[in-house]
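Chemist: Each chain, written out:
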Amino acid sequence: MSVSEPADPNLGFHAPDDEWISRLKEALSTPPPGRVGPYDQVEEVHRGGQGVVFRARQPGTHRPVALKRLLGGGLATSSMRARFEREISILASLRHKNIVTVYGLEMVDGQPLLAMEWIDGVPITEWCERGAGGERRSPKEIVELFVQVCEGVRDAHRHGIVHRDLKPSNILVDADGVPHVLDFGLAKRLEGNEANLTLTTEFLGTPAYAAPEQVTGTPPRPDARADVYSLGVLLYECLSGHLPYKAEGSVESWIHAIADGEPPRPSSLNPAVDAEIETVVSKAMARDREIRYSSVDDLSADLRRHLAGEAIVARRPSTWSRLRRAVRKHRSAALLGLVVLGATAGFGVYALSQQKLLDSARADASKQREAFESLLRFVTENQFIVEQSGDLSDRALPLRQIPDVRDMAPKLLADRPVDLARYYCMSSVLLRDHGRGREALEDARHALRVSQPLGPQAEWLRARAHLAAAQALSDLDRDREARDDAAHAARIARSLPRAERSTLVSALAVQATSEIHLCRFAEVHHLLREAEIAVDENPTREGCLEVLYAHASLASARNDDREAKEKLLEASDLCVRESLADAAIAEQLGGAHLRLRELADAERELERARRVREKLQGERGPMPARIYTKLGELALARQDTFAAEKWYLRAKSAIEGEGLSLSAASLGWRNGMSEILRRRGDAAGAVEYSRETVRQCAELFGEDHPAMITFLGNLAERISVLHYSTSVGWTTPSDEAGRLFESALSLARRLHRGDHMDVAFCLNGLAQHRKMQGEHSMGSGATEQAGAQFREAISLYRESDAMTERLMGRDHPARVVVLTNCAHALMTESFRCNPMQGGRNESAYEESKKLILEAAAAAHEAIRVARAVLQPDDLDLGLAMLAAGKVDSVLDRAESAQAELQAARTVLQKIGPTQRVAANQALQWLAMSDARRGDLDSAHRRALEAEAELQSIVPADTALNFQELWLFLVKVCIELDREDEVADYAGRLGLSAEQVQALRAQVAQTRARLQRASSAPVGDK
Amino acid sequence: MDSHATRPSLLARLRDTADDGAWREFDERYRELILRYCRLRGLQSSDAEDVRQNVLVSLASSMKRFQYDPSRGRFHAYLGRVVGNAIRRLMHQQRQHPHTGGPVEAAQDPGTDHDALDELWEREWIAHHYRTAFESLQRSLEPRSLAIFERLLIGDSPETTAQAFQVHVDAVYKVKQRVRARMEQLIAQQIREETGE
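Residue numbers (the numbering used here), protein chains in the order written: chain X, 36 to 1056; chain L, -4 to 192.
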């Protein structure tokens, strides 16, 4: 048979049917076992990454053994060979359940062949991937297994044997779930390493798991910490399913990947992984072996602590240590020579010794430097605690020591400006974490000042300093300055290497957030896009959080609270529970729920924010104050002015004595108090608070800050309320209120340039004002002018409502208020068009009818929306029903009017003291409705009841409130022939005999008209 | 017809000796063939490993010069010669160092009958393609069909198999037919790829 002939005819498929099957069977059969030295029944087993392994039976015992060929090179001389045999005999002396037992060495054909225990198992990574149900095993299972792996490696270390090539194929997990580590100390000896075929450098082994010092050869002698690194990478892979660094092929590309990359958090790949175990992995995998666990023992101990639910010793590598890596890369010489902390010392023990050191340093100046360095290290090492621990004592420690350091730092580091600048940056971060924004800002500025003259290699420090300043400023709500510093930080960070991507992301996020707060949206999308790209390049949890948070802020600023809520929920899933980020997100989420009137959700989130914030930062300072203010808003939304006051006062005392009397937090509580007083009817007090809020806001943020819109609008509204409550009879509306509404509206239009709830809010306010002006014009007989003013008010309400609908959809609570107001305005204008006295004017009558029907439509739409989105006992629903009741009563829809007024009264009464006047109005209108449908006795009874009630609510000298009621009583009593009472109420109103006579005529006229109407179709007035 | 038509053959890639991936692929593809062949030639496992490595080394050095020439035979024939030479060299070395206890005496060397050796290689080469094809088939065939076919493979009759799986015997024949067609197709494709045709 010639080999050069076409093969096809020989393949067996043209032969009888069974030919191909028997060929396949033969092809699949095991080849005859060869013989290896004393072993027979040898079979070859290929295992990924393990090279060739022979499975053999030991003669006699028939125990299965694994045979592995070692590289024979280097055994030329007898002394070399002797040393090799010694090594093997040490290996053979290792007896540990997690180490594969070595039986000995066989020389076959002059080749060394290692005989060892045969393990029927799978590589550790495979084991981790395939738990019960084929899913990845839980982090807990994996960590439990890893503790055993560590036991094995630790035992070898105790015998002076470093593995040097820990990788998945060297850790086999058997059917009982017991891990067995193999090939200790054989990295150089084993053949079959993938490295053999391709490597161009000296390095042997798999670069993916090798410590950086093994790959680069610096420092030259890898020690036990190289195994710590490999275990870290293995644990990372087992937990996340991915290798931390991605690189192809060559050793060089691995070196680059490890030097430049920041591996993604394991939790970003497997959400089941928690932050603490990430911290352990990250400490084990530290590029700098000085930062790693100093022994497998320590790694193992932390894993055990984690399993037992105790605090781990490792701390997440802080921003600080990331900086250190960056500095190392740029070969900046002047580094802190930080002494490695004895990792066995527990946190508390260390903290105690730290305190002692500080105490002695105070007494002995020569010890100061030592104390300082140690403290600096302490603070940086434990930054993780500051950020993430919920334990107050943990958190308090570094903070308590800041004052000591703050005094010492400039003196001790005078000749080391880089370190001093670094110290200031770190201190700024720490102070910020503790809500001490102003001091944080000071230290950031110090950092900038110190790093300014340092030359180009300190660019990263200047970026960090600008960022720290921007963050502190942002906390202080100084958005303009924050934006400038953040922009500066971003500008520098763009030119920095990838290791500083996190600085760029943070800077962009702060810049974006500040622009959003300033309503300057033009740049925001661009900034967020750039931040997203930077996060993609170097994905970290913080980066993702910062970008999501900024997106949420943007959505909120654009009135898209649903979108904001979604982004925040996503962020909430990402962030570490009970951390500061968690608190910030919960706070924003609570705000979004509040604006969406999801009050129960709002309460849950705000309470969570408060709990975490208080736990981490205590009850003082601007951050807790901000949450108290939001809780106050929530209480107000629930009409609970008492609880609201409690929260606002808490906010006040949180910032008192903190040098924050003029701050964003102080604006918040003042504005809230003003609202409370307004609702309680203390108009003067409300104006006072409101005026101070506006003044402070202008001083803090400038006249054209977006916050001014709300504050100006509120002030205008309160001035207008005060103006009426202190006037008797028809009075000129406050010019000041009008001016303020106008300027709030023009600011809102200027800043938002289109639809925005701020604009809608101002339109509503200005409409209110126009309506009041119209009422005044009516009172002073200028009916034409009044008409124009009512029409303007109606059109402003309509614009406000349409904008709200465009922005928030048909069913949004804000529409309820505007529609209710609009219904009132339409009703008033309808009355104006339809003077009951004088000659009849058909077109005016038609117009009036059209308007009242529009009023009814608006009021009923208000009720519909209110029922859809508000609680059944919500104030705004009550007020909408009141308006509808009035309109329906005018339209002689007696039944629905009675029902609406009754329901309105019930809701308003339930709300409590703030709405007693409104509840009383409902009662008055019930009386009027009674009269219109002819039930004069009930009308009389209810009117008297309303009068008595009103007297208990408002002082009798604010006669305005009583005038309409008394006038009504005069009319009812005329009809009921209660002449005593007619005289009484006419007297109180100061009516002349002629005027009473005119009223009698009017009553008779109305009665006649109503009787006519009762036979006409419903709704025909 | 398919994407393989435009893919540079492994052979062509091997000629560029810098292509580590191609070498690894080559090793993975032919490792078992070479080792089994050696074993059939009576070599110890460790010697078979040596042969495999030597084959790689000599291919690496000769591949640059090697130009595909139909008159010199197909690649598998060329590979067969390289493997045969490597075995011969090893045996020669071991004869010169008898103190190492060489395998030669124990090996059932078919001697110098070149035709017999060629035939052995040819058979193993085809068996190798059978194995490779079956491996890909195992990955692509749905588990039930595979299970049915494996019963046939161990010698169960189609009737017994049909009973065991509670299917009609026609279904079993259909599976067998499908496997056959697919195997034939896969093997043909593998051979095409081997030479880059």
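Take the hints with a grain of salt, since some may be wrong.
DSS-like mimics (lysine-lysine), calculated; alpha carbons at most 25 Å apart, straight line [unchecked claim]:
# : chain 1 : residue 1 : chain 2 : residue 2
1 : X       : LYS885    : X       : LYS945
2 : X       : LYS60     : L       : LYS171
3 : L       : LYS169    : X       : LYS60
4 : X       : LYS650    : X       : LYS687
5 : X       : LYS650    : X       : LYS681
6 : X       : LYS681    : X       : LYS446
Simulated coverage check for chain L against chain X, where a stretch passes if three residues somewhere in it have a Cβ under 8 Å from a Cβ of chain X [claimed, not checked]:
# : segment
7 : 36 to 49
8 : 157 to 168
9 : 174 to 180
Please keep in mind that the hints were generated in silico from the structure rather than gathered at the bench.
Note that the coordinates shown come from a computational prediction; the quantities given were computed from them, not determined experimentally.
A virtual CB, placed ideally from N, CA and C, is assigned to each residue, including glycine.
Chemist: Run every hint past the structure and note whether it holds.
Modeler: Taking the hints in turn, this is what the structure says about them:
Proposed proximity of LYS885 of chain X and LYS945 of chain X is contradicted: the alpha carbons are some 34 Å apart, above 25 Å. For the suggested pair LYS60 of chain X and LYS171 of chain L, the alpha carbons sit about 14 Å apart, so the restraint of at most 25 Å is met. Between LYS169 of chain L and LYS60 of chain X the CA atoms are separated by roughly 19 Å; this keeps the pair inside 25 Å, and the hint holds. Proximity of LYS650 of chain X to LYS687 of chain X is assessed by CA-CA distance (about 19 Å); at most 25 Å being required, the pair is judged to hold.
For the suggested pair LYS650 of chain X and LYS681 of chain X, the alpha carbons sit about 20 Å apart, so the restraint of at most 25 Å is met. A threshold of 25 Å between alpha carbons decides the hint, and for LYS681 of chain X with LYS446 of chain X the separation of about 46 Å lies outside it, so the pair is violated. With 7 residues bearing a CB less than 8 Å from a CB of chain X, the segment 36 to 49 of chain L meets the requirement of three and the coverage assertion stands. With a threshold of 8 Å between beta carbons, the proposed coverage of the segment 157 to 168 of chain L by chain X is violated, since 0 of its residues qualify and at least three are required.
Counting residues of the segment 174 to 180 of chain L whose CB falls under 8 Å from any CB of chain X gives 3; the rule of at least 3 is met.
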